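A.B. asks: Chain by chain, the residues run as shown.
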Amino acid sequence: MSYYILKRVALTVPMLLGIVILVFMMVKLIPGDAVSAMQGQLKLSAEQMASIRHALGLDQPLYVQLGNYLLGLARGDLGRSLFGARPVRELITANLPATIQLTIAGMLVAIVLGIPLGIFAALRQNTAWDVGATLVGLGGVSIPAFWLGLMLIQLFAVTLGWLPITGDRGLRGLIMPALALGLAEAAIITRLTRATLVEVLRTDYVRTARAKGLADGGVVIGHALRNALLPILTMIGMQFGSLFGGAVIIENVFARQGIGTLVTQAVINRDFPVVQSCVLVAAALYVLVNLLVDVLYAVIDPRIKYS
Amino acid sequence: MNRPHQAPHRWPGVAAWFALVALVLSACGGAPAAPAANQPSDAPAATSAPAATSAPPPTSTPALVATPAPDSAKGGKLVFAGNEEPASIDAIDVVSVNAIEVVAQMFETLVYIDQKQKVYPGLATEWQRSDDAKVWTFKLVQNAKWHDGTPFNAQSVVDHFEYIRNATDIKGSISSALKPILAKTEKVDDYTVTITLNAPRPDFLVDLAEPAAGIDNIANRQKRGPDAGFNPIGTGPFKFKEWIRGSQITLVPNPDWTWGSPIFGASGPPKIDELIFRFIPEAQTRLATLEAGESHFIDLLPFQEMKRLREDSRFTVSGFLLPGMPQMNYFNTSLAPTDDINVRKAIIYATDKQSIIDSVYFGLVEPAYGPLSRAFPEYDPAIEKLYSFDPEKAKQLLDDAGWKAGADGIRVKDGKRLEVTIVENKSWNDWVYLLQANLQEVGFDAKVLTTQGPSNTEAIASGKYQVPAMGDVFTAASQMTRDWESKGYGTFPSGHFWKDKTLDTMLYDAQSELDQAKRREKYSKIQFYIMENALMVPIFELYFYAAHAKNLKGFVVDGSGFYKWFAGAHFE
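Chains A and B, in that order, are what the protein sequence lines are.
Our numbering numbers the first residue of the first sequence as 1 and each following residue consecutively.
Our numbering numbers the first residue of the second sequence as 1 and each following residue consecutively.
Hints are computed from structural coordinates only; laboratory data are not their basis.
All values derive from a computational prediction rather than experimental measurement.
Among the hints, a few may not be true.
Said to hold, decoys possible - What follows is a list of derived Cβ distance ranges for each label pair:
1. Arg75(A) / Gly75(B): 35 to 41 Å
2. Asp190(B) / Gln154(A): 46 to 52 Å
3. Asp189(B) / Gly161(A): 56 to 62 Å
4. Gln60(A) / Ala167(B): 20 to 26 Å
5. Gln154(A) / Gly75(B): 56 to 62 Å
6. Gly293(B) / Leu292(A): 57 to 63 Å
7. Thr258(B) / Leu292(A): 45 to 51 Å
8. Trp129(A) / Gly293(B): 56 to 62 Å
9. Val252(B) / Pro61(A): 44 to 50 Å
10. Leu71(A) / Arg417(B): 36 to 42 Å
11. Glu242(B) / Leu135(A): 33 to 39 Å
12. Ser355(B) / Trp162(A): 42 to 48 Å
13. Asp509(B) / Leu70(A): 51 to 57 Å
Said to hold, decoys possible - Partial list, computed: chain B residues near chain A (C-beta under 10 Å):
14. Ser88
15. Lys116
16. Gln117
17. Tyr120
18. Pro121
19. Gln142
20. Ala219
21. Ile280
22. Ala288
23. Glu291
24. Thr457
No residue lacks a Cβ here, since even glycine has one placed at the ideal position from N, Cα and C.
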């Protein structure tokens with residue numbers, strides 16, 4: 001197992017390097033750079049623009065810029081933002097915890113709502129309850145998180161005055177963003193749980209367990225659900241990526257601190273050290289979560305061995 | 001190694017992140033143009049809603065100069081909701097409008113200017129200029145201190161302007177405008193300085209009164225290096241307390257502040273306990289925070305929400321006419337077919353600005369007629385008679401120029417179709433779609449290119465598009481030079497690509513004119529020159545709307561109509 005984990009971690013290095021180069025090229029290929037972003041507000045003369053480009057190192061050949069960034073990266077230096085000169089590491093350190101907190105909260109909403117609803121629908125297959133749960137799931141997938149966020153704000157903050165919109169970094173301030181982020185994922189988990197569980201419930205060993213006189217709850221939770229969990233767990237791992245991406249929108253709707261708001265502004269400003277480092281961190285996190293999912297397989301299903 | 005069965009491919013998650021970045025990148029690299037210097041980076045969202053209202057542009061502006069807070073005034077927290085978090089709050093390198101809003105509370109300027117262009121003392125109590133408007137002498141306040149307790153004096157002002165003059169990478173909006181005109185700054189005595197300029201500058205006080213022209217503490221700047229923008233030390237009514245990245249900036253009153261400008265109407269430290277700036281990109285969320293009582297002041301209001309908000313007794317909605325160059329479209333005179341004056345004039349006659357105002361902006365802005373806003377004394381109302389909405393005349397002009405209607409309604413000349421591209425700066429130029437329809441009605445094949453941020457400045461500077469949309473906010477007529485002088489040919493924001501020494505001479509002559517009557521006459525000629533040569537199509541005068549809690553009083557709006565000073569703010 002540890003050999004497997006080490007191998008996976010080692011493989012992430014060339015992958016992350018590829019991601020850095022790819023993102024660097026994407027940022028450089030589009031028209032405009034950080035100085036033309038400033039020009040939109042300042043109307044600098046050609047000489048002033050050249051001077052700032054020189055000071056920021058933007059007049060150097062692309063390979064030199066990339067090389068400098070990679071060398072810095074090897075030393076653990078993510079560079080400085082081209083706007084405001086803040087160290088990128090500091091920007092990420094300040095913003096990442098909030099995004100992880102929101103992603104985990106969204107994931108919890110998705111799991112806590114999705115799995116029970118899926119079980120409920122599977123156990124009452126083809127009844128009005130099942131149709132109802134399916135419709136709720138369909139609605140969850142169809143409603144854009146952005147719109148849902150605005151509706152939640154109108155209901156819980158403006159009309160009822162129960163929850164804060166911005167400024168509260170505690171649990172209360174997390175409820176609406178987590179709901180807006182997690183509901184669509186909950187719908188996906190509901191549908192997957194229902195489908196998988198329906199299939200498992202038809203298998204021979206479930207029938208055998210029931211024939212042996214086990215209680216319904218024991219059969220579903222102890223036997224059927226455990227086997228149905230593998231694809232659900234895989235789905236949850238995949239959803240981490242989309243939740244992390246969805247946090248970009250939700251952070252903007254709720255004006256929350258986070259990597260999403262940071263990277264959006266950085267892309268608009270062509271602030272490539274910030275963009276690259278944010279994507280790098282996101283990719284690294286994603287790899288880490290997937291590694292964790294692989295390890296969890298072995299915990300849930302003892303038949304799985306990594307050697 | 002046994003791979004777990006039923007494990008689907010998990011790369012879509014990473015792909016989603018790439019797709020996200022690619023999507024944002026492509027949105028930025030897309031098509032069109034935007035407002036120029038000092039414009040807010042978010043615009044009131046336009047809608048395609050019909051129904052023009054007959055409401056006139058609001059004028060419920062607060063008092064130009066605040067009156068002192070009554071005894072019943074309350075403190076508490078004042079939350080201001082802006083739209084975008086600044087990258088830094090550096091007094092000299094301040095760039096974005098939200099950064100300027102914060103900086104203006106902590107750093108004081110030598111003088112202040114109200115919306116009637118009246119000049120008030122600031123850190124300078126008296127000023128004098130030489131006859132040629134090149135040497136300016138300022139007497140300074142004598143009891144002022146920096147936030148770190150060190151005294152403010154003539155050397156502070158010398159250090160500030162000499163730093164701007166000598167630094168090689170100045171990025172601030174006002175600093176970069178001042179840098180080329182500064183010759184030297186000298187200390188006369190402990191509280192007197194002279195600033196010598198390279199050329200006459202009658203509007204120098206207007207430059208110095210910009211909220212982004214606050215005097216910085218150079219010692220702090222040199223000590224902190226690149227981190228100075230995160231540890232600001234000014235002399236102003238508010239001191240920096242903390243910046244929670246991605247969330248808010250908190251300022252607290254400066255208890256020593258007793259030397260404030262009379263424009264603030266505050267003789268002592270601010271009444272409010274904390275001034276909090278939150279940055280909320282989504283306009284509807286910004287509005288919701290006001291309605292939920294989480295913020296007390298919001299700006300960049302969506303036009304479609306204005307009527308509802310103005311009818312709500314809890315809030316006051318104010319509209320401020322922004323001086324500068326009205327919202328407009330340049331004509332690129334270096335590119336066919338807008339290199340033909342008849343085509344340019346045809347576009348002006350074909351543009352139904354009143355429909356644009358009624359349907360896109362709900363009647364909450366006013367039509368514009370030339371390159372200068374009516375906010376300036378130099379504005380010449382005679383310009384309003386020059387053109388009218390007359391599509392028949394537009395068709396006639398195009399016919400005369402040899403553009404004949406083809407089978408599909410698009411005009412053709414020498415086998416070439418009458419094609420133009422309108423450049424839009426996303427969320428700023430929502431009128432361009434009606435302009436596109438207006439042009440199509442008289443036989444143009446008009447396309448809209450949407451751009452944002454750097455891709456907008458690149459599109460305008462490239463000269464590849466005929467009709468880029470623009471607008472510019474500035475506080476003195478003389479600042480129109482930078483939009484029109486041929487020195488800016490081929491760079492943003494000179495989307496007109498007009499290179500004529502006559503216009504340059506007119507601009508330089510007018511900006512150095514000291515006599516008010518002659519100055520007006522000269523600017524009148526410039527306005528007519530630009531419109532007679534059809535270098536632009538003016539669309540509307542921009543009103544900047546802000547809403548605040550009704551019991552919030554005592555804040556002051558600056559000369560540009562955009563920034564607020566909260567030194568005298570209090571709750572009643």
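A.B. asks: Determine for every hint whether it applies to the structure shown.
C.D. replies: These are the hints, each one checked on the structure:
no.: 1; hint: Arg75(A) / Gly75(B): 35 to 41 Å; in the structure: 49 Å, violated
no.: 2; hint: Asp190(B) / Gln154(A): 46 to 52 Å; in the structure: 59 Å, violated
no.: 3; hint: Asp189(B) / Gly161(A): 56 to 62 Å; in the structure: 59 Å, holds
no.: 4; hint: Gln60(A) / Ala167(B): 20 to 26 Å; in the structure: 21 Å, holds
no.: 5; hint: Gln154(A) / Gly75(B): 56 to 62 Å; in the structure: 31 Å, violated
no.: 6; hint: Gly293(B) / Leu292(A): 57 to 63 Å; in the structure: 42 Å, violated
no.: 7; hint: Thr258(B) / Leu292(A): 45 to 51 Å; in the structure: 60 Å, violated
no.: 8; hint: Trp129(A) / Gly293(B): 56 to 62 Å; in the structure: 41 Å, violated
no.: 9; hint: Val252(B) / Pro61(A): 44 to 50 Å; in the structure: 48 Å, holds
no.: 10; hint: Leu71(A) / Arg417(B): 36 to 42 Å; in the structure: 53 Å, violated
no.: 11; hint: Glu242(B) / Leu135(A): 33 to 39 Å; in the structure: 47 Å, violated
no.: 12; hint: Ser355(B) / Trp162(A): 42 to 48 Å; in the structure: 44 Å, holds
no.: 13; hint: Asp509(B) / Leu70(A): 51 to 57 Å; in the structure: 54 Å, holds
no.: 14; hint: Ser88; in the structure: 3 Å, holds
no.: 15; hint: Lys116; in the structure: 26 Å, violated
no.: 16; hint: Gln117; in the structure: 22 Å, violated
no.: 17; hint: Tyr120; in the structure: 26 Å, violated
no.: 18; hint: Pro121; in the structure: 28 Å, violated
no.: 19; hint: Gln142; in the structure: 34 Å, violated
no.: 20; hint: Ala219; in the structure: 19 Å, violated
no.: 21; hint: Ile280; in the structure: 4 Å, holds
no.: 22; hint: Ala288; in the structure: 5 Å, holds
no.: 23; hint: Glu291; in the structure: 5 Å, holds
no.: 24; hint: Thr457; in the structure: 5 Å, holds
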